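Participant: Single-letter residue listing:
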Amino acid sequence: MSKSINITLKLFAQYRDDRFKVEQRVYERGTTAQDILDELGISEHRLPLGVLMVNSRHEKEEYVLQDGDIVALFPKVGGG
Amino acid sequence: MLEEVIENIKKDSIENFLPYEVEKKICNTYEMSYKEVEQIALKMNITPLRYKRNQTTISPSSQLKLLNSHVAIVGCGGLGGHIAEILTRIGVGKLSLFDFDIFEEHNLNRQNFSNINALGKEKVIVVKNGIEAINPALHVEAYIHKFKPFEDFNMIKDANIVIDALDNPQTKLELAKVCKDNSIDFIHGAIAGLNGQFTTCSTLENLYRDGSSGIESSIGNPAFSVTFAASIQSAEAIKKLLNLGECLEDKILITNLLENEFIIL
Chain A
1 MSKSINITLK LFAQYRDDRF KVEQRVYERG TTAQDILDEL GISEHRLPLG VLMVNSRHEK
61 EEYVLQDGDI VALFPKVGGG
Chain B
1 MLEEVIENIK KDSIENFLPY EVEKKICNTY EMSYKEVEQI ALKMNITPLR YKRNQTTISP
61 SSQLKLLNSH VAIVGCGGLG GHIAEILTRI GVGKLSLFDF DIFEEHNLNR QNFSNINALG
121 KEKVIVVKNG IEAINPALHV EAYIHKFKPF EDFNMIKDAN IVIDALDNPQ TKLELAKVCK
181 DNSIDFIHGA IAGLNGQFTT CSTLENLYRD GSSGIESSIG NPAFSVTFAA SIQSAEAIKK
241 LLNLGECLED KILITNLLEN EFIIL
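Taken in sequence, the protein lines are chains A and B.
Per the numbering used here, the first sequence starts with residue 1, numbered consecutively.
Per the numbering used here, the second sequence starts with residue 1, numbered consecutively.
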């Protein structure tokens with residue numbers, strides 16, 4: 001079994017600034033959604049996370065990525 | 001007396017529309033409220049003239065249903081002020097407004113009814129005065145109060161719909177939960193910059209991992225994002241009240257006005 005997995009990352013709203021809209025990336029098997037957030041510099045302190053979806057399902061940061069997953073990240077929106 | 005009122009409504013309405021001046025005269029003559037006169041008229045299929053352009057989207061029987069409805073708007077800043085006006089103009093008969101805050105200069109970019117003369121005044125009072133001037137058949141309860149969903153549920157328990165016009169995720173989460181636990185229809189909306197999100201009759205755990213602020217604290221809220229979001233939430237409320245079309249139940253609508261993306265999750 002290959003040690004690497006292919007992941008599609010989709011970013012929304014302010015997450016696109018200085019990053020990208022959609023990108024294919026290769027990660028090591030065992031990578032979690034949290035690892036990707038760390039890599040992208042997304043934290044509660046800076047651009048807090050709202051919706052995290054993998055293959056159109058809501059997931060938690062601990063989710064372990066599988067080959068072919070599509071990860072979508074939306075920033076937290078709370079104003080009124 | 002009722003027969004006389006009915007006779008007057010019949011005689012002085014024009015093509016099944018009741019002008020304000022006629023309503024006013026009936027109210028004064030028979031010591032009735034505008035709401036009571038409009039209820040009688042709508043039961044006769046005669047619509048207050050102010051609602052002429054609601055037709056035929058809204059029928060006289062639906063108009064009566066709206067007149068007899070109660071919507072609680074929690075938060076009266078950007079979203080709440082505009083939602084209050086939209087629901088007033090479309091004809092929702094009772095609104096309860098909650099906000100503890102006063103108008104400040106940095107509200108002037110987006111908050112309905114804020115103006116130079118309103119600075120320093122309580123938002124709910126200014127909004128109440130504004131919407132009562134639009135529609136005298138409306139009954140408005142204005143609470144200068146920081147709404148705490150778990151403690152204050154009694155204040156909204158009679159509402160047909162509760163609208164989330166709050167500005168912080170913690171209270172939004174709590175309000176959604178209280179409404180879900182008590183089976184009250186709940187309409188969520190939130191904005192940040194040119195982004196918006198909406199859901200109806202759902203709890204908000206998938207949107208908020210915790211109660212801390214979102215990106216709005218760093219990118220603000222321009223006027224058109226606020227009015228756009230207020231329109232979506234108002235449409236959800238009216239559809240729910242009248243059982244029309246499809247609502248965002250168990251769905252999330254994400255909007256991005258910068259790139260014209262509208263996504264349903």
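Read the hints as simulated data drawn from the structure, not as lab findings.
All values reported here derive from a predicted model rather than from experimental measurement.
Glycine included, each C-beta is placed from N, C-alpha and C at the ideal position.
Misleading hints may appear alongside valid ones.
[What the hints assert, rightly or not] Here are the simulated DSS-like pairs of lysine-lysine, each with C-alpha atoms no more than 27 Å apart in a straight line:
hint, chain 1, residue 1, chain 2, residue 2
1, A, K60, B, K251
2, B, K251, A, K21
3, B, K94, B, K24
4, A, K60, B, K177
5, B, K239, B, K65
6, A, K10, A, K60
7, A, K60, B, K180
8, B, K239, A, K10
9, B, K65, B, K24
10, B, K177, B, K52
[Said to hold, decoys possible] Derived DEER-like restraints, expressed as beta-carbon distance ranges:
hint, chain 1, residue 1, chain 2, residue 2, range
11, B, G220, A, V26, 11 to 21 Å
12, A, K3, B, K146, 50 to 60 Å
13, B, Q170, A, N6, 13 to 23 Å
14, A, D18, B, N243, 44 to 54 Å
15, B, K52, A, Q66, 32 to 42 Å
16, B, K146, A, T8, 19 to 29 Å
Participant: Determine for every hint whether it applies to the structure shown.
Facilitator: Hint by hint, here is what the structure shows:
1. Annotation: proposed proximity of A/K60 to B/K251 holds, straight-line Cα distance about 18 Å (limit 27 Å).
2. Using a Cα cut-off of 27 Å, the hinted pair B/K251 and A/K21 holds, with the two alpha carbons roughly 23 Å apart.
3. A distance of roughly 19 Å separates the Cα atoms of B/K94 and B/K24; the hinted pair therefore holds under the 27 Å criterion.
4. Among the hinted pairs, A/K60 with B/K177 is consistent with the structure: their alpha-carbon atoms are about 20 Å apart, no more than 27 Å.
5. The suggested pairing of B/K239 with B/K65 holds, with an alpha-carbon distance near 12 Å, which does not exceed 27 Å.
6. For the suggested pair A/K10 and A/K60, the alpha carbons sit about 16 Å apart, so the restraint of at most 27 Å is met.
7. Between A/K60 and B/K180 the CA atoms are separated by roughly 22 Å; this keeps the pair inside 27 Å, and the hint holds.
8. A distance of roughly 32 Å separates the Cα atoms of B/K239 and A/K10; the hinted pair therefore is violated under the 27 Å criterion.
9. In summary, the hint linking B/K65 to B/K24 is supported, as the alpha carbons are separated by about 22 Å, within the 27 Å threshold.
10. Using a Cα cut-off of 27 Å, the hinted pair B/K177 and B/K52 is violated, with the two alpha carbons roughly 38 Å apart.
11. Distance hint check: the CB atoms of B/G220 and A/V26 are about 37 Å apart, inconsistent with the given range 11 to 21 Å.
12. Roughly 54 Å separates the CB atoms of A/K3 and B/K146, a value that falls within the hinted 50 to 60 Å.
13. Hint check: B/Q170 to A/N6, Cβ distance near 38 Å, so the stated range 13 to 23 Å is violated.
14. A C-beta distance of roughly 46 Å is found between A/D18 and B/N243, which places it inside the suggested range of 44 to 54 Å.
15. Between B/K52 and A/Q66 the beta carbon distance is about 58 Å. The supplied range of 32 to 42 Å is therefore violated.
16. Taken as a hint, the range 19 to 29 Å is violated for the pair B/K146 and A/T8, whose Cβ atoms sit roughly 44 Å apart.
Comparing the model with each earlier hint shows violations of hints 8, 10, 11, 13, 15, 16; every other hint is respected.
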